[in-house]
Structure formats: C-alpha cells, structure tokens
Amino acid sequence: MVAQRLALGLLTLFIVSLIIFLGVELLPGDLAQAILGQAATPETVAAFRRELGLDLPPYIRYFQWLGGMLEGDMGRSLANQREIAELIGGRLANTLFLALYAAVISVPLAVMLGILAALYRNSFYDRCINVVTLSSISFPEFFVAYILILLLSVKVGIFPSISNVSDDLGFWERVYRTALPAMSLTLVVIAHMMRMTRAAIINLLASPYIEMANLKGLSRSRIIVKHALPNALAPIINVIVINLAYLVVGVVVVEVVFVYPGLGQLLVDSVSKRDLPVVQASSLIFAVTYILLNLTADVLSIMTNPRLMHPK
Amino acid sequence: MDNFRQLERLLAQGKISRREFMGRAITLGASMGLASTLASKIVNAATPKQGGHFRIGIGHGSTTDSLDPATFEDAYMQFVGFGLRGHLTEVDTDGKLIPDLSEGWEASDDAARWTFKLRKGVEFHNGKTMDAADVVASVNHHRGKDSKSAAKALLDAITEIKADGKDTVVFGLKEGNADFPFIMSDYHIAIMPAKGDDVDWQSGTGTGGYILESYEPGVRTTLKRNPNYYKKDRAHFDSAEVLAIIDVAARTNALTTGEIDAMDRVDLKTAHLLKRNQNVRIEETSGTAHYTFAMRTDTPPFDNNQVRLALKLAVDREALLQSVLRGHGVLGNDHPIGRSNRYYASELPQRKYDPEKAKWHLKKAGLDSLSVDLSAADAAFPGAVDAAVLYKEHAAKAGITINVIREPNDGYWSNVWMKKPWCAVYWGGRPTEDWMFSTAYDAGAPWNDTFWKNDRFNKLLIEARAELDDAKRRAMYVEMQSIVRDDGGVVVPMFNNYVFAMRQNVEHGPMAANLGLDGNKGMERWWFA
Chain X
-17 MVAQRLALGL
-7 LTLFIVSLII
3 FLGVELLPGD
13 LAQAILGQAA
23 TPETVAAFRR
33 ELGLDLPPYI
43 RYFQWLGGML
53 EGDMGRSLAN
63 QREIAELIGG
73 RLANTLFLAL
83 YAAVISVPLA
93 VMLGILAALY
103 RNSFYDRCIN
113 VVTLSSISFP
123 EFFVAYILIL
133 LLSVKVGIFP
143 SISNVSDDLG
153 FWERVYRTAL
163 PAMSLTLVVI
173 AHMMRMTRAA
183 IINLLASPYI
193 EMANLKGLSR
203 SRIIVKHALP
213 NALAPIINVI
223 VINLAYLVVG
233 VVVVEVVFVY
243 PGLGQLLVDS
253 VSKRDLPVVQ
263 ASSLIFAVTY
273 ILLNLTADVL
283 SIMTNPRLMH
293 PK
Chain W
77 MDNFRQLERL
87 LAQGKISRRE
97 FMGRAITLGA
107 SMGLASTLAS
117 KIVNAATPKQ
127 GGHFRIGIGH
137 GSTTDSLDPA
147 TFEDAYMQFV
157 GFGLRGHLTE
167 VDTDGKLIPD
177 LSEGWEASDD
187 AARWTFKLRK
197 GVEFHNGKTM
207 DAADVVASVN
217 HHRGKDSKSA
227 AKALLDAITE
237 IKADGKDTVV
247 FGLKEGNADF
257 PFIMSDYHIA
267 IMPAKGDDVD
277 WQSGTGTGGY
287 ILESYEPGVR
297 TTLKRNPNYY
307 KKDRAHFDSA
317 EVLAIIDVAA
327 RTNALTTGEI
337 DAMDRVDLKT
347 AHLLKRNQNV
357 RIEETSGTAH
367 YTFAMRTDTP
377 PFDNNQVRLA
387 LKLAVDREAL
397 LQSVLRGHGV
407 LGNDHPIGRS
417 NRYYASELPQ
427 RKYDPEKAKW
437 HLKKAGLDSL
447 SVDLSAADAA
457 FPGAVDAAVL
467 YKEHAAKAGI
477 TINVIREPND
487 GYWSNVWMKK
497 PWCAVYWGGR
507 PTEDWMFSTA
517 YDAGAPWNDT
527 FWKNDRFNKL
537 LIEARAELDD
547 AKRRAMYVEM
557 QSIVRDDGGV
567 VVPMFNNYVF
577 AMRQNVEHGP
587 MAANLGLDGN
597 KGMERWWFA
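In the order they appear, the protein sequences are chains X and W.
The first sequence begins at -17 in the numbering used here and counts up one residue at a time.
The second sequence begins at 77 in the numbering used here and counts up one residue at a time.
Hints are computed from structural coordinates only; laboratory data are not their basis.
By construction, the Cβ of each residue, glycine as well, lies at the ideal position given by its N, Cα and C atoms.
Among the hints, erroneous ones may be present.
Some chain X residues close to chain W (C-beta under 10 Å, calculated; not the full set) [unchecked claim]:
(1) Gln(-14)
(2) Asp12
(3) Ala14
(4) Thr26
(5) Gly35
(6) Asp37
(7) Leu132
(8) Ser143
(9) Ile144
(10) Asp149
(11) Leu151
(12) Ser254
Some but not every residue of chain X turned toward chain W, in silico, with C-beta under 7 Å [to be verified]:
(13) Ile131
(14) Gly232
(15) Val241
(16) Lys255
Computed spacing ranges between beta-carbons, pair by pair [claimed, not checked]:
(17) W:Lys300 x X:Asp55: 30 to 36 Å
(18) X:Asp55 x W:Ala395: 26 to 32 Å
(19) W:Asn485 x X:Leu(-5): 26 to 32 Å
(20) X:Leu91 x W:Lys495: 26 to 32 Å
(21) X:Tyr102 x W:Gly127: 57 to 63 Å
(22) W:Gly442 x X:Glu25: 49 to 55 Å
(23) X:Asp55 x W:Lys250: 30 to 36 Å
(24) W:Leu544 x X:Leu38: 49 to 55 Å
(25) X:Pro10 x W:Ser399: 26 to 32 Å
(26) X:Val270 x W:His129: 37 to 43 Å
(27) X:Leu91 x W:Lys300: 39 to 45 Å
(28) W:Leu407 x X:Leu(-5): 52 to 58 Å
(29) W:Lys428 x X:Pro10: 36 to 42 Å
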C-alpha cells in the first residue's frame, strides 16, 4: 500500500511541476527582463535569452528541464549559474532546522495543554488557554513576530532581533539566534494542535468504555491519559502533521521578518526574477514534504489503531 | 543638547572650522576649556582609526544576484562591488572626479581619444599585478554582440580600446566626449583580472580595500581588509559583513538593537521616531536621484507642448514632497539635473503649481478640458501610486481629469515603462549632465522614455559633449535644462534624498551624494570611533 502511495506521489510531483511551469510562464516578463530591470535594452535582453535558451518554445524548455531532473540533475540557477543542489542544500537545512526547533517546542506543549484543557474542561484554566492560543493564531504572523521582537529584543534585549545564522555557527549559538522565529512559529501553530487534542479527547469522554472506567473509580487523569488518549491519537497525529508541513513550507513571512535564510525567501526571490529551475526545485521540495508527511500521518494513524493494524 | 550634538557633527565632518566650533560652543554655554577639550576630542575622532567588524543591513539583495558587475543593479551589489574592486576613476565626496586605478588621463583635442595612465604596482587579491590587459578585458566584458551587461549602451560610444604597453590604455570614441572619464567610475565597469577571452568575475577578486571571504547571494557577504590596499587612508574596518535585510522594520530593529552598525533606506514615515534613539544617527545626502512622470511625446495628447505645459503646472510639487517624501528631498524643475551636478541651472525659475495658467495652456491647445491616463506602481518608486493620486487631485482644479491606473509591480519596467503613454519613473541620476541627457533625453537613446525629439537640444548635446571650455559648456547645459523644462515630455516633481542611518560609533568624513551610503563606498570611507 505504501508503494502505491509513493507511486501516486510521483504522479502528483509531475503534475505539480507542470502547474508551476505554466504558472510562471503566465507571469508577465521573463528572467532577462526581470534581471536587467530598468536597464534593459532589446539587444541585451535578446543576448540574455540566447545564452540561457529562453528563446526556445516553452514545451522544449520544460522537457529539457524534466529530462535533467529524471537523471538527478536539478540544473543551474539561470540568474547566477549556481548549482541548484548547492543553492538549495543550505537553505533546506536552515528551513528544516527551524521547523524542527519549532516542532520540538510546540508539539509536546500543545498536546500537554490540550490534555490539561480536556482534564479541566470549562474551568478557568481551560477558558484562559483557549483565549490565549486563539488570539495568537488570529494575529498575522508578522504581528506576533514584531511583538516578540519589541518585548524580548528591543525592550529586554535577551534575544537578537535578526537571525543572522551561517554554516560555521555552533549548535547552541544557532539555537539562541533562532529563538525568536521559533517562538513566533510556536505561537502560530499551537492553537490548532491544542484544540484538536482537547476536542478529540472530549469527544471520547462520552463513550461507554470511558463511562465504565469512571464507574470502576479510576482517577480522571488516568482515564484521559491511559484510556481516552490512545483512541484520540489518529486525529491528533493528522493535525500535528499538517502543522509540521506548514512549518516547513509556510514560513516565508517569518523568514523575512527575522532575515532567516530559508527556502521561502529563496522561492520568493526566484519567482520575482522568473528563475524557473530554482522555482521548480523549491516547489517540488515543498510538494515532497506534503506527500511524505501525509503518508507518515496515515501510517502512524494505522499503527495506533489495532483494528486497522490487524484486520481480520 | 541637540544643538550641541549637531555642532559636534559639523566639526567632525569638517563643515565648520575649529575656531567657529569654539565660538558657537561658547555661545551655547560651554566654558572655554570645555570647548577646547571637546574640539580636540572631536578632531581626533575625525581622524580615521583602523579596526572593528562592520555590519551593514541593506534593503536590497536577492538570491538571484551574482558577482558579475554586468548584472549589478541595486545598492546591495554596488556596495559589495565597491568594496571588492577598483575602477579607473572615482567620484569623490565633492562630486569631483579623482584618479582611482589610473594615475591620470588626457584627451585628444576633439575629446574623442582618451589615454589613461594606470597606477603602477597595484595587486589583485590573488597576487597578480594589474596591468593594461586586465583593464581592456574588464571594459570589453560589457561590450560586444553577446553582452548582457546593463552598461552596454553606456559603452556603445567606444570604437576601439587597446593597451599601449603595460601601464597605458587608449580609448577611441565615435565622437568627442569631455566626460568620458566619469563613465569609467560607473559601478558596472569594475576592473577584474583577465581570464581567457573574458574576465574572472566568479571569484570576486579585485583590487579593492576588502577581500571576499564568503558570498551567499541574497543573504550575506563577508569580507576582510586587504592589507595591500593601495589607498593608504581608506578601508579602516578589519572586516565587514553586508547583510540583505529587505524588510524595513527588521532593518530598523537590527540597527536599534545593535545587530548591525548601519542601514540604508530609512522608513521615512517613522524617521522622526528613529531620530529619538540616542544610539542611532540619521544621515541624509541630496544627490541626483529623482522621480519623474514620463509622457510619450509621440502619442496624443502629449504630442502637444501646450498640454505638456498644462500638466507640468497642474501638480503641487511642494505637497508631493511633503507627503510622499515627508520633506526628505528637494523640488524638481522638470529637468533631470540635480543641485549636486556641476552645471545645475540655478538661474531657472522654479516651476510652481498654477491651475489657472494650466487652464490657459489648455485653451491655447484648443481644449476646454483634458482627460488622460497615468500609470503607476510602487515598483517605479516607493509611493508612486500615492503621488499619482495626489497629482489627480491637484490637476482636477485645472480642469484636467487624470485616471490613475495602478499597474502590477511585476514586469513594470518591461510592460509599462516606455509602453504606456504616461507613467511614473525612477531615475538614480547620473554624475554628469551629458551622461544623464544622453541616457534618457537624446532622441536616439534606448531609454528616451518620453520619445522626445528636439533638434536644438540634440545639437547642443553633441556640441557640449566635446566642448572642453568650462564656461561655454555651462552655457550650453543651462540652455539644455531650460529646453527640457519648457518643451520636454517629463514632469520632474522632486529629487529624493538618500536617507540612511548608523550607530553613533560609526564615523565618517564629508559624504558623497552621487549614490546612497556615501557613494556606496561607506565600507572603505567610514570607520569606528
């Protein structure tokens, strides 16, 4: 079944690449005009196109790119001739680092807060945590980011306001410099996971087997953690995975505010300059992230459900 | 206290004498002894000191940038480029041209043949000695049929370029050009080591004050001081780091929290708030950069000069300056020559907002009212759409209806500029009159965005270009400014200042205004106190 899903994934990637290609083609202007900007003259634009093969018909350029891709060659950036693999490598590592960092904080926190909210349903704590997380998800990301900068960087001066990271930084130095973006992302994703955990558990609390546990005289916390939670895991895992995917692909605004060199900024730059091979490569990475994470979510959901794990 | 600070800065920048400083400090209540001690301290601070790691945040920079100077477009690569590489000539802090990698130059009598003597014994960062072959290769890098260079049109006038021995380069031009050495200071025409038929731009090797350590396009460039730099009184920082920080709020935060030492392009809307910060200083230079509204004079109704004059009179420049630039600029007079240019025509009266006179011109054109489209996008210049809407309000009083069309930012320069009949345009300006006029006002220029053709103007342009007599040149350029003002297709409402900021511990001498950030040479001109 996993193999079938992977094959479908490949088909999806192919379609994604086609859509991206057509989308970028539809945008006004091309790379030569975008790079030369106001300084473009017809001769220099023509020379640019000749050199990079931009004067070829679109379908030929697409198949040239596809052919290279199938041989494992992502090609070179049209704008500055750098190897795309090299260009993307460092950026991808940065993006994954930040995503993982935010996930390590937000996932356990969200699940724990959700369980507590279910445990103390309708209490003052429950109301409070709902208001706080819903507020933080309702504000746009850049606003949350600016507030954090104002408080923790400008006023108190604990964390740097920009995440100036480079390859030669030590691990802890990197953790320190990316603390603010990780916190901003945590605030943005926590509400969704927390509320899903709470809702999934509360949903189960009305079922007969929980009533049975109650009648046995078990403590509320034991009922929730040992009896309700395992059955609520499937929906929780799905929501967590969606948020993980978001942490990888959707953080461009946070990257810009904190000047963090991740994939998002690379994609934005490349789209605005119509650097198609880089756009394609980044988009495919994003698509692969979604496909793999969705697959993981499904596999994990099955594993947490004995009925699906051992079908008759 | 503020006055005192200002006074200190004036002295540090050499704008007032020590004597004057003492006098004024005492008027402000300082004792004789205090004023004297202060003066020596400041003058000492004004003597450059070596050392420190300089970090600057620049509001440009993209992952698609490259070290090839043919592709340099914005302040980010200009700033890095001026750190890495030298040029034949340099625009100094007064706007005058001084030798850089050349020791001097001379022209033939018709100014069509230029001989540059190169500075001897200058080494590239890789140890190779710079010679005439490198200069020839570096200039040819921008020429030829397959050139993708933004400087190609600029160098079209060169018919021949050859090395005469190791230390002399001779340029032959199509026609005389007295300002040719100025062109050699352009940021595109950097001198790089020759390699094969071309140059080695990939490694970033140059003769500049800083050596490239690492380069990550759109993120950061790190550089270290070149110990063999031939300019002894320049390049004071031990190392430098140039960061691309596109978001202006992020840039400002980084500066106020001390993550960076300087930044360009201060947000004009919040500049007054930033000024309150004691650790930060706002700097402003007024150069040649200007905003225009270019009309296609080959398209009705703009082919009628009475209509053009009516539109030039129908805009309240002062209001645009105050609202779009928040006063950080100067009024334009419908020609592209700025106050820092040598032959700026200060004698021309400033054109003012006059709806009645605009109506009169419309009547002369045989029109009771006028309705025109104005295309604008913030890609033209920040606030272009706002400026267009204000223009519309102003023009309404003169019976002119302007339909403001908001164009997409993407592809603005290829799909709107020089295509639509009337649109907003940005010009960084040029250090010389001839350069500016022959780039965008000459009838045959590729960027003649008004499609304007004035025989008298074009004749003067060629004559003035080859004229070596200063007084005669001045008279010609003044006449040309007046022709553009009264006949040209361009509305120039204002010249924008370069507004940037640095932390109090960054020091500088008098600053150049030809580009932002001290001619984009802050890296080699500034130092830490």
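Original post:
Against which earlier hints does the structure fall short, listed by number upward?
Top reply: 1, 5, 6, 11, 14, 18, 20, 22 and 23
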